[in-house]
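Enquirer: Protein chains in written order, with our numbering: chain A, 1 to 291; chain B, 1 to 228.
Calculated from the structure, these hints are not laboratory results. Any given hint could turn out to be false.
List time: in silico PhoX-like cross-link candidates among lysine-lysine, alpha-carbon distance up to 25 Å [claimed, not checked]:
no., chain 1, residue 1, chain 2, residue 2
1, B, K216, B, K160
2, A, K120, B, K2
3, B, K3, A, K120
4, B, K125, B, K160
Restraint ranges, calculated between C-beta atoms of paired labels, are given here [claimed, not checked]:
no., chain 1, residue 1, chain 2, residue 2, range
5, B, L25, A, T234, 30 to 36 Å
6, A, A280, B, L173, 32 to 38 Å
7, B, A201, A, L60, 43 to 49 Å
8, A, P230, B, A24, 46 to 52 Å
9, A, L91, B, R56, 55 to 61 Å
10, B, L173, A, F268, 23 to 29 Å
11, B, G87, A, A169, 56 to 62 Å
12, B, A24, A, T41, 32 to 38 Å
13, B, A201, A, P230, 44 to 50 Å
14, A, W160, B, G123, 21 to 27 Å
Just so you know, these numbers come straight off a predicted model, no measurement behind them. Cβ atoms here follow ideal geometry from the backbone N, Cα and C, with glycine treated the same way.
Single-letter residue listing:
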Amino acid sequence: MDPGLAIRPLLEEKRAALPDWLPVLVGMLVLYVPTFYRLFTGLWATEEQAHGPIILLLALWLMFRQWPAMLARADGQPSAIGWPVLGVGLLAYILGRSQGIIAFEIASFILLLAAVLMLKCGHGALRVQWFAFFFMAFMVPLPGPLVGMLTMPMKMAVSWATEHLLYAAGYPIARSGVILQVGQYQLLVADACAGLQTLLTLEALGLFYLNVVRHSSAFRNVALALLIIPISFTANVIRVITLSLVTYYLGDAAGQGFLHGFAGMVLFITALLLIIGVDAFLQWFVRWRNS
Amino acid sequence: MKKSMMVSMVLGALMVCSAAVTRALTPTARMADAAGRFSLEQMVPRNFGEWQVDTRVLPLQVDPATQAKLDKIYNQTLGRTYVNRNGDRIMLSIAYGGDQGDNMGVHKPEVCYTAQGFTVRDGQKSSLDTGSGVLPVKRLFAVAGARQEPITYWITVGRKATMPGVDQRLQELRYGLSGTVPDGMLVRVSSISADSAPAYALHDQFVRSLLGALEKPARERLVGVFGE
């Protein structure tokens, strides 16, 4: 049989929907091609915001996966709340894009996407897609002063924990602020090492894991979502300790090489293992409590 | 026309209109270009009043990574130590940026001192009477081990000195919406002293003396225009 025959009805259906969606598509492209071009060549190419494109792709995939379910649930009648959401989104875009407030610009993308779904697919569409939208919120960079304010205590805490653990293990380590002195070497715990953004990325990935695994137990969901914060803190401490030990035994050059090559990977793998481990423990705990 | 098609058309039209409005609103005139080139190094005199550059103190070499970051954020930086007849030393540090975009704005000393291992206390808003106008400044007291460093600093956005934070952001928006990309300056004055009150008075005296020695355009670059 000609495989084209089976696909044709599907294509026909798509083609029928095309003129209906075309103006919206053109509008979105006009607005966001420049935005995403600037993001990919600017902010998202930096270390602190490197998770942006990953979150965007995962969110779009989630939305795509829920698309049939959404069409089945939604009534196709434009929801009136869509218009004010659209208005706010467009204002955020105008202000954000013209004044270089990147957070507004990204937030406007989420708002406009929500408005389009509300107006084109109708009531109930957002209820099916809520997780994708919530997930996309992690893409929006927090205001610089807030990040600075929250990152500093985190860096302090990570440096403090590293100092005490290594000191207890008998290493010659001293700390002043976020500067660690290990033997003859000096390490500065940088923003990226304890960043709020890493924490948020890990939180986002953890939530994504929960959504994909589709836990039935609400307890496990909430517990794991909350535990991701100490988990990412632990992962950060493990990364800084590893870096300190590599520098201490193998020298500064090895430390820097490690820092640029593997440190990020160590962080994510440790965090992932911790998440899966804690999840397995919670699973066991729920079963033990029920029996 | 079908209702769903109508909705699509309205959506698309609104989006394209917004794109056009955005284009019209985006500021293009850069204040840094309009004001002409200048050199901080030449603009700030090495001798004024009873102060002169302390040549015995070599400026600390900043490590390359930090320098690269500074170059990214600031277009020009200046760091000098001045000394007067009594042997009082004042460290002056100025950073000038032609484009204070998002997350690129002038870095606050509160944050950078803390990162270097200082504990920063008493971040309070204050004002400095320059003689020709009152300058909004912030006073900090940074401590690291035996080193105690009272700091006075202010920032300018465009042609006006503002308190850092919300005021600064609003000032930038005001410029941006009127079509100009404002430039910005951060001026930090500090000294090594355990006693903050006399140190702040010394900072004030130093700043007044410095401003008194400058021509009007240079003074306006440093502290902006008063009034309005």
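Enquirer: Quick one, are K3/B and K120/A close enough, alpha carbons at most 25 Å?
Expert: holds (10 Å)
Enquirer: Against the range 32 to 38 Å, how does the distance between the Cβ atoms of A280/A and L173/B compare: consistent or not?
Expert: violated (50 Å)
Enquirer: Starting from K125/B, check that the Cα of K160/B is at most 25 Å away, please.
Expert: Cα-Cα ~17 Å, so holds.
Enquirer: Look at the Cβ atoms of A201/B and P230/A and judge whether their distance stays inside 44 to 50 Å.
Expert: Holds, since A201/B and P230/A (Cβ atoms, about 48 Å apart) stay within the stated range.
Enquirer: Can you tell me whether the CB distance of L173/B to F268/A sits inside 23 to 29 Å?
Expert: violated (38 Å)
Enquirer: Please check whether P230/A and A24/B have a Cβ separation lying inside 46 to 52 Å.
Expert: holds (49 Å)
Enquirer: So does W160/A sit 21 to 27 Å from G123/B, Cβ to Cβ?
Expert: Given about 22 Å between the Cβ atoms, the range holds.
Enquirer: Range first: 32 to 38 Å. Now tell me if the beta carbons of A24/B and T41/A are that far apart.
Expert: Violated, at about 24 Å.
Enquirer: If I claimed the Cβ atoms of G87/B and A169/A lie 56 to 62 Å apart, would that claim hold in this structure?
Expert: For A169/A against G87/B, whose Cβ atoms are near 47 Å apart, the range 56 to 62 Å is violated.
Enquirer: Hinted pair, alpha-carbon criterion (25 Å max): K216/B, K160/B. Please report holds or violated.
Expert: At roughly 14 Å apart (the allowed maximum being 25 Å), K160/B and K216/B satisfy the hint.
Enquirer: Confirm or reject the claim that A201/B and L60/A have a C-beta distance inside 43 to 49 Å.
Expert: violated (60 Å)
Enquirer: Holds or violated: K120/A and K2/B, Cα atoms, limit 25 Å.
Expert: Roughly 12 Å separates the two Cα atoms, so the pair holds.
This entry does not satisfy hints 5, 6, 7, 10, 11, 12, going by the numbered hints stated previously.
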